[in-house]
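Heads up: the sequence lines are chains A and B, in that order.
By my numbering, the letter at position 111 of the first sequence is numbered 143, and the numbering carries on one by one without gaps.
By my numbering, the letter at position 62 of the second sequence is numbered 367, and the numbering carries on one by one without gaps.
The reader is advised that the hints may include incorrect statements.
As the list claims (entries may be wrong) - A short, non-exhaustive set of chain B residues, derived as facing chain A with CB atoms under 10 Å:
id : residue
1  : K321
2  : E325
3  : D393
4  : T397
5  : A418
6  : E420
7  : V421
8  : S423
Stated by the list, open to error - To be clear about the criterion: a stretch of chain A counts as covered by chain B if any three or more of its residues have a C-beta under 8 Å from a C-beta of chain B, and this derived list gives those stretches:
id : segment
9  : 57 to 70
10 : 102 to 112
Keep in mind that the hints were calculated from the coordinates and are not lab data.
All values reported here derive from a predicted model rather than from experimental measurement.
Every residue, glycine too, gets a C-beta built ideally from N, C-alpha and C.
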Amino acid sequence: MSEERPYRVFKIQNGTVIDHISSPMALKIIDILGIKEQGIISIGMNFDSSKIGKKDIIKIENVYLEKSHTDIIALFSPNASINIIKDGAVVEKRKIDMPEVINSILRCPNPICVTNNYRDCDTKFIVERADMNKTTVRCYYCERETVVTPDLIK
Amino acid sequence: MNFKGKSIISFRDLKKDEIEYILKKTYEVKNNKYPDALRGKTLASLFFEPSTRTRLSFDSAISLLGGKYFGIADPSSSSIQKGETLKDSIKTVCGYCDAIVIRHPYEGAARAASEVSSKPVINAGDGANQHPTQTLLDLYTIKEQFGKIDGLNIGLMGDLKYGRTAHSLSMALSYYNVKITLISPKLLRIPIDFKNYLEGSGIKFVETSSIEEVGQDLDVLYVTRIQKERFGDLQEYEKVAGSYKITEETMGVLNPKVKIMHPLPRLDEIDPSIDKLENAIYFEQAHNGIPVRQAILGLVTGAIQ
């Protein structure tokens, strides 16, 4: 299989396409973006990609995701790209950037962190270091550093 | 510099000029420049975990400058037992006082408290995380003894893996032009997070297991307790703890002018025979908790500018 295979996940007329997602993170990414209820979503997984080996793709119809909303994808798939489609044409192509702060999405692995012990203390992490394979974040509350792994998603 | 309304939660939030300002105000408070400065001020002293020195020292700090305090010293008697969240407790208590001091077993509790409090919050220890007023009194004590912090070789000895005071002090010292000598058994070396922090700050530091190798070069030796519960094998503990104990014999391998500090309480890591030596400054260090906390309370309530 090559990227040119005429498969295509159902083509959309209007909406957001998230491409080059590292497999198999598509479902996690739908989760962290909180877009499950937002109209029709098509998902393709495990396509061959010359760029990243195996990739997933997500197409969300009639929803235009802002950059501030999609940057969180960088935690799990830093190579992902965003295409905004209007009337069948790509009107915006963009990369994602690592956010400086991550609110709510991750849980702190420290059992005695205040965020794990009071229901009204939500999590917040500061991104300390990030490269292609490893993102290190610091809990804003207990100040412990941790490497982000998918099991830290709430 | 305006500290009014500012919470003191972590050393990460303090810039060097702010630290220096607090130390300068501490000197002035200690020299009686602000008698009665806290008259009319009320401190809420919330200790969700037992503490002796820190709690007494905050209570005494505000009383000696004419202020009042109230609070909880025993978490089992408080509304925390009824399931109230920390944020709700703080939102209520901040209406009764001018500042809140909090010690809590959960790490990050003081930060969470400061987010909902309309009054400044001072962290008096959150789990193994931060205890900034302890670190400020450590810095003040060093400065008082030597007239400076820059240029000194400061040894931190003992449990550098779990010891909160050692972590916090090493972070604070990274603002200064000092050399840090980390002395601990291999098992209890400083965690990688802190090593990364020190490396990133460009400070000079060395790690060693042997006090004999480095003792002659130290200006300060900051001793912390090696905790028995960290060792599975008690025989191993006895062996390790014995080699990190300051006795009259150990003094022979140290710089004769070295100043010995300890955050207290000590168990047997410093032999009581050391107390009478001029090198021992750990009780003076503990006493400096009063002017440091008075300066901080004065600054954050606006009573001291």
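Verification of the supplied hints:
For K321(B), the interface hint is violated, the least distance from its beta-carbon to any beta-carbon of chain A being 19 Å, above 10 Å. The criterion of a C-beta within 10 Å of any C-beta in chain A is not met by E325(B), whose closest approach is roughly 23 Å, and the hint is violated. Annotation: D393(B) was flagged as interfacial toward chain A, and the flag holds, the nearest CB pair being 8 Å apart, inside 10 Å. Taken as an interface hint, T397(B) does not check out: its beta carbon lies about 14 Å from the nearest beta carbon of chain A, beyond 10 Å.
Interface hint at A418(B): satisfied, since its Cβ lies 9 Å from the closest Cβ of chain A, which is below the 10 Å cut-off. With a least beta-carbon distance of about 9 Å to chain A, the hint placing E420(B) at the interface is held under the 10 Å criterion. Below 10 Å, beta-carbon pairs count as interface contacts, and V421(B) has one with chain A at about 9 Å; its hint therefore holds. The criterion of a C-beta within 10 Å of any C-beta in chain A is not met by S423(B), whose closest approach is roughly 17 Å, and the hint is violated.
Coverage of the segment 57 to 70 of chain A by chain B is violated. Counting CB-CB distances below 8 Å, 0 residues qualify, and the rule asks for three or more. Here the segment 102 to 112 of chain A counts 0 residues with a CB under 8 Å from a CB of chain B, which misses the bar of 3, and the coverage is violated.
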